[in-house]
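J.: As a plain string of letters, each chain reads:
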Amino acid sequence: MSTINLIIDNKTVSVEKGKTILDAAKKINVRIPTLCHHEDLCVAGNCRICVVQVEGSRTLTASCSTPAEEGMIIRTNTPKVRNARKDIVALLVSEHNTQCTTCYRSMNCELQSLSAEYNIDNNRYLSILKPNISIDRSSWSIEKDDSKCVRCQRCVRTCAELQHVNALTVSGKGKDMKISTFMELPLNEAICTNCGQCVIHCPTGALTERRYFDRVWEAIGNEKKHVIMNTAPSVRVALGEMLGYPVGTRVTGKMVTAMKRMGVDSVLDTDFTADLTIIEEGNELLQRLKKVLVDHNSSVKLPMMTSCCPGWVKFAEHIFPEHLGHLSSCKSPQQMFGALSKTYYAEKKGIKPEDIVSVSIMPCAAKKFEANRPEMNSSGFRDIDAGLTTRELGLMIKQSGLNFAELEDSSYDSLMGESTGAGVIFGATGGVMEAALRTAYEVVTGKEVPFKNLNILPVRGMEGIKEASIKIEGCLPEWSFLEGVELRVAVAHGLINARTIMDEVAEGKSPYHFIEIMACPGGCIGGGGQPIPTNEEIRKKRTQAIYEEDMGMPKRKSHENPEIKKIYKEFLKEPLGEISHHLLHTTYKKRNHF
Amino acid sequence: MKTSELKRVDIIFDCVQCAPIEVVKKALAMHPDEIIEQIISSGLRGRGGAGFPTGLKWKLAKEEVSDQKYVICNADEGEPGTFKDREILDIVPNKVLAGMAICAYVIGAKEGFIYLRNEYNFLLKKLIPTMANFNKNMQEIGLDFTIKLFSGSGAYICGEESALFESMEGKRGEPRNKPPYPTRNGYKGKPTVINNVETLVYCNMIMRIGVEPFKQLGTKDSRGSKVFSVSGDTTKAGIYELELGIGVDEFVNEFGNGDTKAVQIGGASGFCVPRKDFANKIIGFEGIPTGGSMMIFNSSRSMYNVLKDYLEFFVEESCGQCTPCRVGTQQLLKGIEAIKHGEMPSSYLNQLMKLSETMKVASKCGLGQSVPNAFSSIVKNFKEEMIY
Numbered sequence: 001m002s003t004i005n006l007i008i009d010n011k012t013v014s015v016e017k018g019k020t021i022l023d024a025a026k027k028i029n030v031r032i033p034t035l036c037h038h039e040d041l042c043v044a045g046n047c048r049i050c051v052v053q054v055e056g057s058r059t060l061t062a063s064c065s066t067p068a069e070e071g072m073i074i075r076t077n078t079p080k081v082r083n084a085r086k087d088i089v090a091l092l093v094s095e096h097n098t099q100c101t102t103c104y105r106s107m108n109c110e111l112q113s114l115s116a117e118y119n120i121d122n123n124r125y126l127s128i129l130k131p132n133i134s135i136d137r138s139s140w141s142i143e144k145d146d147s148k149c150v151r152c153q154r155c156v157r158t159c160a161e162l163q164h165v166n167a168l169t170v171s172g173k174g175k176d177m178k179i180s181t182f183m184e185l186p187l188n189e190a191i192c193t194n195c196g197q198c199v200i201h202c203p204t205g206a207l208t209e210r211r212y213f214d215r216v217w218e219a220i221g222n223e224k225k226h227v228i229m230n231t232a233p234s235v236r237v238a239l240g241e242m243l244g245y246p247v248g249t250r251v252t253g254k255m256v257t258a259m260k261r262m263g264v265d266s267v268l269d270t271d272f273t274a275d276l277t278i279i280e281e282g283n284e285l286l287q288r289l290k291k292v293l294v295d296h297n298s299s300v301k302l303p304m305m306t307s308c309c310p311g312w313v314k315f316a317e318h319i320f321p322e323h324l325g326h327l328s329s330c331k332s333p334q335q336m337f338g339a340l341s342k343t344y345y346a347e348k349k350g351i352k353p354e355d356i357v358s359v360s361i362m363p364c365a366a367k368k369f370e371a372n373r374p375e376m377n378s379s380g381f382r383d384i385d386a387g388l389t390t391r392e393l394g395l396m397i398k399q400s401g402l403n404f405a406e407l408e409d410s411s412y413d414s415l416m417g418e419s420t421g422a423g424v425i426f427g428a429t430g431g432v433m434e435a436a437l438r439t440a441y442e443v444v445t446g447k448e449v450p451f452k453n454l455n456i457l458p459v460r461g462m463e464g465i466k467e468a469s470i471k472i473e474g475c476l477p478e479w480s481f482l483e484g485v486e487l488r489v490a491v492a493h494g495l496i497n498a499r500t501i502m503d504e505v506a507e508g509k510s511p512y513h514f515i516e517i518m519a520c521p522g523g524c525i526g527g528g529g530q531p532i533p534t535n536e537e538i539r540k541k542r543t544q545a546i547y548e549e550d551m552g553m554p555k556r557k558s559h560e561n562p563e564i565k566k567i568y569k570e571f572l573k574e575p576l577g578e579i580s581h582h583l584l585h586t587t588y589k590k591r592n593h594f
Numbered sequence: 001m002k003t004s005e006l007k008r009v010d011i012i013f014d015c016v017q018c019a020p021i022e023v024v025k026k027a028l029a030m031h032p033d034e035i036i037e038q039i040i041s042s043g044l045r046g047r048g049g050a051g052f053p054t055g056l057k058w059k060l061a062k063e064e065v066s067d068q069k070y071v072i073c074n075a076d077e078g079e080p081g082t083f084k085d086r087e088i089l090d091i092v093p094n095k096v097l098a099g100m101a102i103c104a105y106v107i108g109a110k111e112g113f114i115y116l117r118n119e120y121n122f123l124l125k126k127l128i129p130t131m132a133n134f135n136k137n138m139q140e141i142g143l144d145f146t147i148k149l150f151s152g153s154g155a156y157i158c159g160e161e162s163a164l165f166e167s168m169e170g171k172r173g174e175p176r177n178k179p180p181y182p183t184r185n186g187y188k189g190k191p192t193v194i195n196n197v198e199t200l201v202y203c204n205m206i207m208r209i210g211v212e213p214f215k216q217l218g219t220k221d222s223r224g225s226k227v228f229s230v231s232g233d234t235t236k237a238g239i240y241e242l243e244l245g246i247g248v249d250e251f252v253n254e255f256g257n258g259d260t261k262a263v264q265i266g267g268a269s270g271f272c273v274p275r276k277d278f279a280n281k282i283i284g285f286e287g288i289p290t291g292g293s294m295m296i297f298n299s300s301r302s303m304y305n306v307l308k309d310y311l312e313f314f315v316e317e318s319c320g321q322c323t324p325c326r327v328g329t330q331q332l333l334k335g336i337e338a339i340k341h342g343e344m345p346s347s348y349l350n351q352l353m354k355l356s357e358t359m360k361v362a363s364k365c366g367l368g369q370s371v372p373n374a375f376s377s378i379v380k381n382f383k384e385e386m387i388y
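Line order of the protein sequences matches chains A and B.
Letter by letter, the first sequence follows residues 1 to 594 in my numbering.
Letter by letter, the second sequence follows residues 1 to 388 in my numbering.
Heads up, some of the hints might be wrong.
Unchecked claim - Result set (DSSO-like, lysine-lysine): computed pairs, CA atoms no more than 30 Å apart in a straight line:
no. : chain 1 : residue 1 : chain 2 : residue 2
1   : A       : Lys175    : B       : Lys178
2   : A       : Lys80     : B       : Lys334
3   : B       : Lys188    : A       : Lys17
4   : B       : Lys380    : A       : Lys86
5   : A       : Lys80     : B       : Lys308
6   : B       : Lys59     : B       : Lys110
7   : B       : Lys190    : A       : Lys130
8   : A       : Lys348    : A       : Lys260
9   : B       : Lys380    : A       : Lys175
10  : B       : Lys334    : A       : Lys175
11  : A       : Lys178    : B       : Lys171
12  : B       : Lys190    : A       : Lys19
For the record, the hints were derived by calculation from the structure and aren't laboratory data.
Next comes chain A alone, as it looks inside the complex:
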C-alpha cells in the first residue's frame, strides 16, 4: 500500500492511498462535520456539509467523497468553508420540521447538533417545509415522517447495501425528491423486513420505531394486571449507552433492579427461552439429519436454518417463498417466552393468563411485527402483548426518575428467569450456532465440544459469512448414524450475506447442514432497536461484552439450565413433543416478492 502525503491546516499528514480527505483529517484530530456520511455505508457526497478548500480548486471539495492526493494543500476552517457549511445547515433546517421539542430523536439528532454548532438562527431562510406531510404509521415496527427527512439517503443505502432489501428508495426529483417505497406503498405493504437498520442509520427523527411504551406504563399502573418483562441477551450490553455508560458496559444487574423498581411484577430473561430454543432446535436438527441420512426422506430439507430472527424470517418469506421448508419450525425465543408466560408461568403462579401482560425488551424493530403476527397466539392469548426496543426501555428508565448509576444489582425473578452462557451469546452473530453446537455435540457424543473453554471461535467475529465444520466421533449408540459425519455449519449476518447463502440453498448447492442467519450486522447487538449511533467499533465492543457475560456465567450449556430441565419434567414432557409442537413451533407464510 503506497502512502500519500498532504497538508491539512498547515499540518502534514500521511495516509494510505485510497483514503479520503475526511479520513486524513481525522488522523490529525480535525473533525470535519458530516451528515450523509456513515462508516457502514458507501460514500454519497450529497449533503455537502463536509466541504473543505483544496488549494487550486475553483469550488469547495466534499471531503468524504474525495480521495486524498499527494501534495494536496487543504484548509478546513476558512471563512469561505465556514460560510458554506453554515448555509448548508441553514438550508437543511429551512426544509425541516423544526418542532424539536416534540421529536423522539431530540438530543440525539445530527441535524440538531449541527444546527447548534453552526448557530443557525431561524430567519436566515424562509421555511420551505411542505405542508400536510402525513406520518406513515402503517407498519407495526417502523414509523416514517418525511417532514424530518434530510434526504441524506443513509436509509436507502442501508436497505440496499447492508440488507439488499431495497424497501426504501428515492423518488421524485428537485423539490419533490423524497425517500419513498416502491410505488409509494405504505410501509406495511412494502417489501420490508422491519429490521430497523434504516432507523439506526437515520441521522434525524425521520425514521423511528413504533413506540408502545405508553401502553406498558398503563399496564404497570393497572393493579389488576401482572406485568412480565423479558429482556433479550443483547439489551444488557447496550442499554448502558442510553444512560451515560461507555459502549460495551454490561448493566444486567442494574437493569433488572430498575425494571423491578419501575413496578414490573416479574423481570425475566429471554435467555431462558433462548436455552429452550437450543433444546428444541437442536433436536429438530438431529431429527432432520436422521430423516435424511437414515430414512432417506426427501421431503425433509437440509440445511436447516435458524428462525430466531424475525427480520430474516420475513425476508425469506418474501424473497425465497419456495424454500421456507429449510427454516426451523421453532418460534423465536421472544415468542416461546410469550406462549409459556400465558400457560406454564400462569399455571405455576396461579394467575389468570388474561391478566398477564407479557412485554419483551428487544434490540429489534422486527420483534414488534413478530409479536403482532396473527398466528402468534397459541396460548389462546397474544403470546406477547408489547415488544419494546432497548431505546424505549432506556427512555422508560429515564422517565421513572431512577438514578440508574446508583442502583444496586439484582437478579432475575423466577420462573423463567434462569439462563446459561449459551443463551446469552444469542445476542451476537454466531451465538445461536455456538450454543447449538455446545449442546448438540454433547447430546450425540456425551462429550463436550472439542474447543477450548467451549469457545467455538470459528463462528465468532464480524466476517459476513463464517463457516465451520466439526467431525462427530464417538457417538452414543442411539446416534451411531452420525458417526464420522463432518457436520458443516455456516453463519451469516446482514441480509445481503443471507441472500448469498440462500441463493446457494435455492440452487440446491449448499454444502451445509445447519445455518444461522441474523438480519442485522453483528447480530442482535447491532439490531435496529439498539441505541444510536451504530458502527463496527460499537458492534465489536458490545460483542465483546456478550462473550464476557458468557464467560461469567456458572453454566454455559443450554441443556444444563435447571429451569429447562424442570419445564420439560413438569410441563413440556419432551423436546418436539405435543405441547412443544403446539406452543413453541410455528409455520411460515409465502409472501409476494413485489
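Once you've looked at the hints, dock chain B against the given chain A.
T.: Just chain B, lined up with the frame of chain A:
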C-alpha cells in the same frame, strides 16, 4: 455600430452529400496519436458548454488500459434555448457517427451509444436506418465498432455526463462524485469518452478539412466556429454557425430587432448580458461561454419573469440529491417572489446573492454550480426589476 453582416461559417452543414465514411478511412490510415495531436492542435473545446479540450479528453481515455471502452454521443440537448443538436442529427447524422468512429479508433472502443433526448424520439425514424447502415459500413472497412441508441427519459440532469451514465446503467439519473472522471471511470465503470453531438462533428471535419482552416477561426482560447441557437425577440430565430470570439454587440446588430435589452447567453445556466455590456463582452471561453443558446430579450420583457422562469425550471430539474442545489434553488425562487410581493425587504437580495455563492462552490455538479450564473447576472443588472 457596425453595419456589415456578420460572417457566416459553413463547416457543420457543409457537403451534406460527401460520404463521411471516407473520413473514417482516412483516420484509420493514421496513428491514433497523430489524430489526438491534430485535435489538440486545432484547439477544439467541447461544444456542450463546459469547454473541456477534446483532444486531451481522447488522450486521457486512450491512455487508460481496459478490456472495454466506450464512446458516447451526448444528444440529451436539454438546456433551455438550444436546439442545434437536433438539427445536426437530423441533417448530417453521418458526420456525427463518423466522429464517434474516429474517436473509437483512437481510444480503442468497440461500442458506442447515442444518448438521445426523449423529446427527440421523432428523429429515430431516420436515425435508426442511418445507424444500421453506418454500422455495416464500419464492418466493411474493418473497424470493429458498433453504435447503439439509448433513449433518455426526459430529465434535464441526465445531460450531465455522470448522471447520463447512471441513467444508461438503469439507475436513477444522479451525478456521481468526481474524481474519478469518465475517461477513467465512465459507463459501467469503464473508460469512456462522452462528447457533445457538435463536438463530434467538428472532430470529423477537422480530419476532413485539416487543422488550419479550423484554427484560423476564433480566438486564442476559443478556436473555430460554433453552432448557435438563436431565439427570443428576433426576426431571425434559427440555427447559425458563427465564428467564436465575436462581440455581443456584433451578434445583437445581426439578430436583434433594435430594441434588445439583454441577451441570455448559454441558456438558463448561462449568463445574462445587459445592453450596457454588449460592446465589451465577447462570445467564447474568454468572455461568455455558451453551449449555443442565445436568447434575445427586448425592452418589453420583465427580467423578473425571465429569472423566475429559469428558477422554476431548476427547482423541477435539480436531481435533488445535494443540499445546495435542491434547497438552494427553492430558496432563490421563493426569495425573489417574497421580495416582489413585499413579504421580504429588498435587502434580502443580498442574502440570496450569498446563497448563490454557496451553491456555486458547494454543489455537487455543474447544475447547482451554474444556477448562480443566471441568478447573479440578472439580479445584479436588473435589481430594480426584482424589487418593484
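J.: Hint by hint, note whether the structure agrees.
T.: Going through the hints against the structure:
Proximity of lysine 175(A) to lysine 178(B) is assessed by CA-CA distance (about 24 Å); at most 30 Å being required, the pair is judged to hold. Pair hint lysine 80(A) plus lysine 334(B) holds up; C-alpha atoms about 24 Å apart against a cutoff of 30 Å. Note on lysine 188(B) and lysine 17(A): the hinted pairing holds, with a Cα-Cα distance of about 23 Å set against a maximum of 30 Å. The hinted pair formed by lysine 380(B) and lysine 86(A) meets the criterion: a straight-line CA distance of about 24 Å does not exceed 30 Å.
Distance hint between lysine 80(A) and lysine 308(B) is fulfilled; the C-alpha atoms sit about 28 Å from each other, no more than 30 Å. Taking the CA atoms of lysine 59(B) and lysine 110(B), the gap is near 17 Å; set against the 30 Å cutoff, the hint holds. The straight-line distance between the Cα atoms of lysine 190(B) and lysine 130(A) is roughly 41 Å, outside the 30 Å bound, and the hint therefore fails. For the hint pairing lysine 348(A) with lysine 260(A), the CA-to-CA distance comes to about 20 Å; that is within 30 Å, so the pair holds.
A threshold of 30 Å between alpha carbons decides the hint, and for lysine 380(B) with lysine 175(A) the separation of about 26 Å falls inside it, so the pair holds. Among the hinted pairs, lysine 334(B) with lysine 175(A) is consistent with the structure: their alpha-carbon atoms are about 12 Å apart, no more than 30 Å. The straight-line distance between the Cα atoms of lysine 178(A) and lysine 171(B) is roughly 16 Å, inside the 30 Å bound, and the hint therefore holds. Between the alpha carbons of lysine 190(B) and lysine 19(A) the distance comes to roughly 22 Å, so the proposed pair stays at or under 30 Å and holds.
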